[in-house]
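Those protein sequence lines, which keep their order, are chains A and B.
At position 117 of the first sequence (counting the first as 1) the number is 117 in this note's numbering, and the numbers step up by one without a gap.
Take any residue in the second sequence, count from 1 to its spot, add 1000: that is its number in this note's numbering.
Among the hints, erroneous ones may be present.
Claimed, not checked - Partial list, computed: chain B residues near chain A (C-beta under 8 Å): (1) P1062; (2) E1094; (3) D1103.
The set of hints was computed from the structure by calculation and includes no laboratory data.
As the structure is a prediction and not an experimental result, all values here were calculated from the model.
C-beta atoms are modelled at their ideal positions from N, C-alpha and C, and glycine is treated no differently.
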Amino acid sequence: MAAVSFARWSGTAALLGTLACQDAQTGLSPSDHDTVLRFLNCIDCLIPLDSLRALASRKPDATADSLNGALLNGPGLRAVTAAVSAFNAGYGRDSAWRLEHGLDRLLRRELYVAQDSAGYIEGYQVNGAMGLGWIRTPRARAYLDSALTKPLPPPVLRAVEYARDSLPSRPP
Amino acid sequence: MKTQCDEADVIASDPAIYDASRINVYFLRDYAGLTNLTPGYNCWQQGHPEIAFISWGNTHLPKPTLAHELSHALGLVNPHAVGGHTYLVPGFGESNLMATNTDVTEITVGQLYALNFSSSSWLNRTGSPFLRPVVRSCQDSWIAGACPALTMLEPGWPP
Chain A
1 MAAVSFARWS GTAALLGTLA CQDAQTGLSP SDHDTVLRFL NCIDCLIPLD SLRALASRKP
61 DATADSLNGA LLNGPGLRAV TAAVSAFNAG YGRDSAWRLE HGLDRLLRRE LYVAQDSAGY
121 IEGYQVNGAM GLGWIRTPRA RAYLDSALTK PLPPPVLRAV EYARDSLPSR PP
Chain B
1001 MKTQCDEADV IASDPAIYDA SRINVYFLRD YAGLTNLTPG YNCWQQGHPE IAFISWGNTH
1061 LPKPTLAHEL SHALGLVNPH AVGGHTYLVP GFGESNLMAT NTDVTEITVG QLYALNFSSS
1121 SWLNRTGSPF LRPVVRSCQD SWIAGACPAL TMLEPGWPP
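Just chain B, same shape as in the assembly:
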């Protein structure tokens, strides 16, 4: 049984448990077999952002955890130093999709742009059927570069 991202290469080579054409999310009691180690985890640091885990036995598994891990798969990993997590980052709300462990009330326009148009997004991977007219190598930073700043926020939107 594979229970952690260090085994992502092994998981990705086993067609019995892995579909290369999809985002693969594994629900298990405890990530790495350790109680309360983490509610969720995405394997982008191991080169497999299309693999994620959800620990259903965790004492506190916030409702948005799956959406949060899928967002990593869709390219929200910049800046790499913090894995795209926005908690305590100026310019983001406490209930941002990449900050919260409560419930989500905010995603920025900059984050939505990256989800759709970043070359790191699963939508734009090699072989993706979701062909996009625009694919950008988004900057490893909060501020604007090839892509809009991740902090770019349109008040009241999305509704």
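Excised from the complex, chain A in its bound form:
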């Protein structure tokens, strides 16, 4: 399990570094770009999804291009570095708390961080797929079809398939 997590992290980490400046080529304004990022990094995703769909109604191709970049490449190196830093801080905090309360220790630090990092990157890619599924333009569909032929992590491929085939006509 730990080896698998570390392998997942290593695999997804290899995807990084290609996203920088990507949206400079897609025709999205900085504000539009933030709208996409808010969706890709959402916790309560329905408000950001509304904004994403509104953006897609104005700029369908540029929105699809941006989401496809997220799906294929994941977050940029800077975002992952910040996330890893947060996971390391969380590990220190949670370890100290568990020790203080007599609970079992966490996984080793590198495995804990690797597992959370892989989840973060894959979650971002999954949101890219879901965004494409919800905006439903021919270009978005074509991106989802194409993604199914790519060597993406299994949870991401499952999300691509779901986004392409199983979403209702509109979000709740």
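Position chain B against the provided structure of chain A, taking the given hints into account.
Chain B in isolation, oriented as in the chain A frame:
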């Protein structure tokens, strides 16, 4: 089975699944039955901030999601236009409680004030046993008003 905030009124009228004296958090595989729609959701927009959902089947369920949804219940919903979410908002860190989908390393003093003293906080609701000497109607804005600015930050604190 109730799986989304549009059903919050129905949930709140069913004592078998709802306790009016508590914050009610429902853990289900997928919010609204849709895979990867959202890791979590609080029903404050439906008038029920005391109801929240956590989607345990979501591909990425960050560790702080429950704390994040509870913070909505405790009044972190301003500005309403963005539901109190601080991601990409100047003055807040990337790992703020209301920004992050990784792990939390920051909460501002302004946010802590609102959690404790906002009239929107569950602590200060009608009938709350947690009587407070100060309850404020906090402003629908990041900047200072009846309550301190949500961006108010004391470096190094909380430790």
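Hint check:
1. Proximity of B:P1062 to chain A holds as hinted, the smallest CB-CB distance being about 7 Å (cut-off 8 Å).
2. Annotation: B:E1094 was flagged as interfacial toward chain A, and the flag holds, the nearest CB pair being 5 Å apart, inside 8 Å.
3. Taking 8 Å as the C-beta cut-off, the interface hint given for B:D1103 holds, the closest approach to chain A being about 4 Å.
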